[in-house]
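2 protein chains.
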Amino acid sequence: MKIAIDAMGGDNAPRAVVEGAVQAVQQYGVEIFLVGLKNEIEVYIAEEYKKHNKIHIIDAAEIINNDEAPVAAIKQKKNSSMVVGLKLVKEEQCDAFLSSGSTGAFLAGSLLKVGRIKGIDRPALAPIVPTEKGFCMIIDAGANVDSKPRNLQQFAVMGALYMEKVMGIKNPRVGLLNVGAEEHKGNELTKQSIALLRNLDLNFIGNVEARDVTEGICEVCVCDGFSGNVLLKSIEGTALTIFKMLKQEFTKNVKSKFGAMLLKSGLRAFKKNFDYTEYGGAPFLGINGIMIKAHGSSDAKAIKNAVRQAKLLYDNQYLNIIGSEINKLGADNVE
Amino acid sequence: MKIAIDAMGGDNAPRAVVEGAVQAVQQYGVEIFLVGLKNEIEVYIAEEYKKHNKIHIIDAAEIINNDEAPVAAIKQKKNSSMVVGLKLVKEEQCDAFLSSGSTGAFLAGSLLKVGRIKGIDRPALAPIVPTEKGFCMIIDAGANVDSKPRNLQQFAVMGALYMEKVMGIKNPRVGLLNVGAEEHKGNELTKQSIALLRNLDLNFIGNVEARDVTEGICEVCVCDGFSGNVLLKSIEGTALTIFKMLKQEFTKNVKSKFGAMLLKSGLRAFKKNFDYTEYGGAPFLGINGIMIKAHGSSDAKAIKNAVRQAKLLYDNQYLNIIGSEINKLGADNVE
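Chains L and C, in that order, are what the protein sequence lines are.
Yeah, the first sequence ends on 338 if you go by this note's numbering, and it's all consecutive.
Yeah, the second sequence ends on 338 if you go by this note's numbering, and it's all consecutive.
To be clear, the hints were calculated from the coordinates, so they are not data collected in a lab.
Values in this document were obtained by computation on a predicted structure and should not be read as measured data.
Treat the hints with care, as some may be off.
Treat identical chains as interchangeable: a pair holds within one or across any two.
To be verified - Taking lysine-lysine pairs in the DSSO-like style, the calculated list, with each CA pair at most 27 Å apart, reads: (1) K116 - K90; (2) K136 - K260; (3) K275 - K168; (4) K90 - K5; (5) K168 - K121; (6) K247 - K260.
Produce the entire structure from the sequences given, and follow the hints as far as they go.
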């Protein structure tokens, strides 16, 4: 499998990206195309890998920053690591693209340069968050801030197939994010969507509240991109806040430091559960190519895990399956 | 000050409610009207308080349950603790009403039986959540699942005045919940609302993301009721999940138990920060009466603190101030 990686995206680029890519080559045997400033990338490739037949550098002189307007950046910076990487997928030289750069530019670029799977109206950003009982995909977490019932229906199908085919969860439970569990609750969007979701051939469990999600009530949480973004970021933010506050308590005095030392291995195992680097990245589902958005603060391990994720999507033929499932849906899909 | 309390609402009613009410009388010198099943309430009033001139029982034979349709329940159960309590405020026999019962019924009842402050289009449920640097009001957290820009504008005014006049925070920072900090980001609602918020005479800091809220970027987080509900419940849910998982780690073996013992006081202080009972309840702002929704699982301390909150609203003449501020707004308010 051939994977293009935006070597210039994210807070720790290009070093963490290059190191993660090399680890992925060692571990998964994939072929990697590092896209970006050649001179800078080369610095971080160890001598023995410089002429490795599975690591390539594709020179791209421009970088798209987080604060640039996404569509304009994609259109203007034709020689950016983002655009060049996307083109490698479009032209079928690579099977997947991975970036820790601007989420907005990545999404805009995926749509403009690669395009959607036939039948999908809107692609979705679909990160996975830890829960008490395992993990849950939030779909959509920000690609579509104003969504329609038909979008939510497609998100449900894409999310459930991902959890089943890529993550190996049998018959994943799908919930609709809402303000209450009762059928009549919700805003216009959820009220219009629930029947559409119920009619799908999925393990749909109805409305779920945000606190049920962290408890582990479902493996796929379907939502519009605005509230999904709020859900994702408040889980991340609360966990981060609690860890910071705990650390303060643990380092307050000699007694607490000793106590924390005794708890060290347990705390480490626990923190690992809430560590985004374990889950790789968030796929953009619905794009006609394997696209993985890694976290902006990805370290080498996170990049390596994002490569593993791309490989799982590829090995399990996710794109083909989605195409045929959405096709089936289209036949009896009346909005 | 005279406060009516729904003695039958919440998971621990009537015991916790009655005990909390008695504590509040002792501590704040308020006069309490316990509304509900007289026989059941009397069981939990200690002998020395049975003839206390500041504790009264108002008999009400019916109870509204959480699973009842709110409007129908309010209309049909005229002799419920909820409706009788609300009437005490409407008829000016009491200055505030407090309930841990059904949020939906409380809101519907407040609107139908007491009504809005003149000039307010929609009242809001406004709970306070802990942050890294203090606390933040989420307004609205579920009263209006489909909101308009004008509603958000009024939420901002009501929230900022609450934090300033009731919580004593000088010039509270007001943020608009959004998917990104940049001005152009967001859904239709936030894009239409930001200019309206910017024009208010408030310390408006612009868009805020969910993870900024837990970090403590603002004291008032303005949002539609749907995403506010998601924000509130995911903060609660994540904190709960982390505490449960920590507890498992801390009781795993002798070493970890000893470590946890050394950290005991620190952990307790830390957990207190995330304890809803410390903050009392969530006010319904915009109703023409002081309405406090206490948490469904309130214990006696939570009820006592919710009474303190009602007293602060009363002592600081919150309703009068809101009335005049909204009036000012109305003059130059073009939607």
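Cross-check of the supplied hints:
1. For the identical chains of this complex, K116 and K90 are intra-copy neighbours only, at 7 Å inside a copy versus 63 Å across copies, given an alpha-carbon limit of 27 Å.
2. For the identical chains of this complex, K136 and K260 are inter-copy neighbours only, at 23 Å across copies versus 30 Å inside a copy, given an alpha-carbon limit of 27 Å.
3. With identical chains, the CA atoms of K275 and K168 are at most 27 Å apart within one copy only, with a shortest distance of 24 Å there and 43 Å across copies.
4. For the identical chains of this complex, K90 and K5 are intra-copy neighbours only, at 13 Å inside a copy versus 71 Å across copies, given an alpha-carbon limit of 27 Å.
5. Within a single copy, K168 and K121 get their C-alpha atoms as close as 20 Å, which meets the 27 Å cut-off; across copies the closest is 56 Å, which misses it.
6. Proximity of K247 and K260 under a CA criterion of 27 Å is satisfied in both settings, with 15 Å inside one chain copy and 22 Å between copies.
Consistency note: the structure conflicts with none of the earlier hints.
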